[in-house]
Amino acid sequence: MKLRAAIASIVLLGSVAACGGGDSSSDGPVTLRMTTWSANEAHVQLFNQIAADYTTAHPDVTVKFDALPVDTYTTTLTTQIAGGNAPDLAWILEGSAPDFVSSGALAPVDDAIENPAELAPSATALWKQDGKLIAYPFSTSPFGVFVNTDLLAKAGQQLPTGTDWTWDNAIAVAAATAAKTGKQGLVPRDFDYKDWTNLAPVFDGWGAQAWSADGKTCGFDQQPMVDAMTFIHQAIFTKKAIPGPGVAADFFAGESAMTITQISRASLLKDGKFKWALVPLPTGPKGKYSVIGQGGVGVMKQGKHVDAAKDFLKFFTNDANSAKLAQFFPPPRTPQLTADTLAKSNPLLSKEQLQSVVIDGISNGVVKPSHADNAQISQAVRSALDPMWKADADVPAVLKSVCTAIQPVLAK
Amino acid sequence: MTKATRRQDRLTAYAFIAPQLAGTVAFVLVPLVLVFWYSLHEWNVLANTFTFTGADNYRQLADDPNVPKVLLATLFFSAGLVVVNLSLALLLAVLLNQKLRGTTVFRVLFFSPVVVSLVAWTIVWRFMLQDNGGINAFLDAAGVDGPNWLRSGGTAMAAVIVVQVIKNVGLNMVLFLAALQGVPQELYEAARTDGANAWTVFRRITLPLISPTILLTSIITVVGSLQVFAQIAVLTEGGPGTSTTVLVYYLYQQAFQFHAFGYGATLSVLLFLIVLALTLFQWQLRKRWVFHES
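Listed in order, the protein sequences are those of chains A and B.
Here the first sequence stands for residues 1 to 412, numbered as in the UniProt record's numbering.
Here the second sequence stands for residues 1 to 294, numbered as in the UniProt record's numbering.
Same shape as in the complex, but just chain A:
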């Protein structure tokens, strides 16, 4: 086993393998490694501060954070594991949660979380197996719509409020702003005609589901999805409210009127050069709804210091540190989910924004689609959806072909 891992590290990893090191004995100095997908300076500063506090209390333990690029995060992580260089703690994206939770790659952390009764059940659902908590959902971040109000004003448009904040009106305003300003309308962030799971904040408004709750039956060919995708298709190709495939536009650089993304992106507006608003997702035919994206953190069984890692996790996620992390990552701890608490650490957002988008969002939100064999299924869906991104596409037929492509894997 060891030999295989050692050789594999040469074959698969090359240079990455070189950073392995570390001894397996429990006494003596220990260096814990946590892989993350955030190299954001403010985030890293906070992590390092928490780690330094921990080292003060446990002088023989140091923690280092290893930020990997988010778009290849899971690939890099599994390659490190295959090479015998598993980190001690790892962030897990919600999409790969079922794979990590069910495979036995992570050590259960029930005994490594303070006051587990505080955790919101909607936040932990994805991260539990047989009643045991396998990873801690450190970030439960609802999707909202950021609006460039300067750009809307320039186009003579008003942001619809109250019951007028519907998908139809949102798309109409986006289209009008795009047409008048020459910028783009509404950008579903990180979708880029590849990561279709970032369309969930739209199609959930029609009650559409990628697959049934048990994960066995494809939902793409069902009527709600057909309606939702037809709406999206028209918004792109007829109304020109959403930039078409291959068109790059960054809301945070002022290039679009609106974007759908998680509220954790608000930090990108710190030095914003335009006035903006954050509003909940518009209402769809299904009425009010919300969608959340999650990040978990778990202890790798194949890491070299499982007990030390659990102990650090307990510290990293305790009440005090959870409150600090809340300025970037909405916490799963219910006592901290009040507008007053969150306002202290989120100076960019108003209490109303926090209440309407974050707190209401977390309490009734649906998590983005995820499934075991997630990468394979996502790739198959992406591939089958490609013919849809043309002006003359036959939407129902394309959606049927998505089900043909993924049903065998879902039924497995």
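Just so you know, the hints here were simulated from the structure itself, not pulled from any lab data.
All figures in this text were calculated on a predicted structure; none of them were measured in a lab.
The C-beta atom is built at its ideal place from N, Cα and C for all residues, glycine as well.
Just so you know, not all the hints are guaranteed correct.
[What the hints assert, rightly or not] Straight-line C-alpha distance at most 30 Å; calculated DSS-like pairs for lysine-lysine:
| id | chain 1 | residue 1 | chain 2 | residue 2 |
| --- | --- | --- | --- | --- |
| 1 | B | Lys69 | A | Lys390 |
| 2 | A | Lys412 | B | Lys99 |
| 3 | A | Lys400 | A | Lys275 |
| 4 | B | Lys99 | A | Lys194 |
| 5 | B | Lys69 | A | Lys216 |
| 6 | A | Lys390 | A | Lys128 |
[Stated by the list, open to error] Derived coverage of chain B by chain A (criterion: at least 3 residues anywhere in the stretch with Cβ under 8 Å from a Cβ of chain A; other residues may be distant):
| id | segment |
| --- | --- |
| 7 | 39-52 |
| 8 | 146-152 |
| 9 | 192-206 |
| 10 | 247-257 |
Dock chain B against chain A, hints included.
This is chain B only, laid out in the frame that chain A set:
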């Protein structure tokens, strides 16, 4: 020479080749054998299991509905690349072999992409080929409505091929130039004296005499085309649909994105066999095709 000194010489020789040999064993031969070994196993990285499954992965390979599509895309890419690359390289070499002012500038110009970092080159082209990118802006100015290059099946593959050809055509061009300059002038003179026209001279004298170089460049280009990865990963990620998913990219998806390391290894065995077969075939071909070998 005494027996002792002969043995010493031999030891010295082994010592000299040892570093190279060790490198080849550790980084070429051992991984090659291991890939065969892995291809007989199901390796679940997350669950940390490594189970012998015999020929299961090979049965999966035979049944995989994606494999024919992937092989077709690979064939299309390789054939397109080899034809366009070699003919363009030869054309450029013949043109730049003329004794005209300024040919050196053009030689440098066509060769310069070869020394540019592959990924940087490809990323710049991705921006150029976007729907609102540089190429279409240029076409727009000329009154042409350009296609969405990387997003429709036919143009995506063509775009990947062209980006790769422009990157590497300079290398083959230089090899052809060297070969052209090695053709003895007296043969040309003799041919002209006999009244041969330019095309006959090219076909009867130039082509046969540079045939070893054509063989060399075609082997390099074919084998290189089978290894194309960064261009696909950066430009199209195998899409739209699976139209640009070539074998190496599919292998990467299976092993590193879907965590099916065993099946990924099986696909690399397939790639190995294809490269081996092609190389042997071309080597056989040289007996009939190559006019002379120095």
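We went through each hint and held it up to the structure:
1. B:Lys69 to A:Lys390: Satisfied, since the Cα-Cα distance of roughly 22 Å is no more than 30 Å.
2. A:Lys412 to B:Lys99: violated (68 Å)
3. A:Lys400 to A:Lys275: violated (42 Å)
4. B:Lys99 to A:Lys194: violated (51 Å)
5. B:Lys69 to A:Lys216: Holds, at about 27 Å.
6. A:Lys390 to A:Lys128: Not OK: A:Lys390 and A:Lys128 at ~40 Å, beyond 30 Å, violated.
7. 39-52: holds (count 7)
8. 146-152: holds (count 5)
9. 192-206: It is violated, with 0 qualifying residues against the three required.
10. 247-257: holds (count 3)
Hint check: violations occur at hints 2, 3, 4, 6 and 9; the rest are consistent with the structure.
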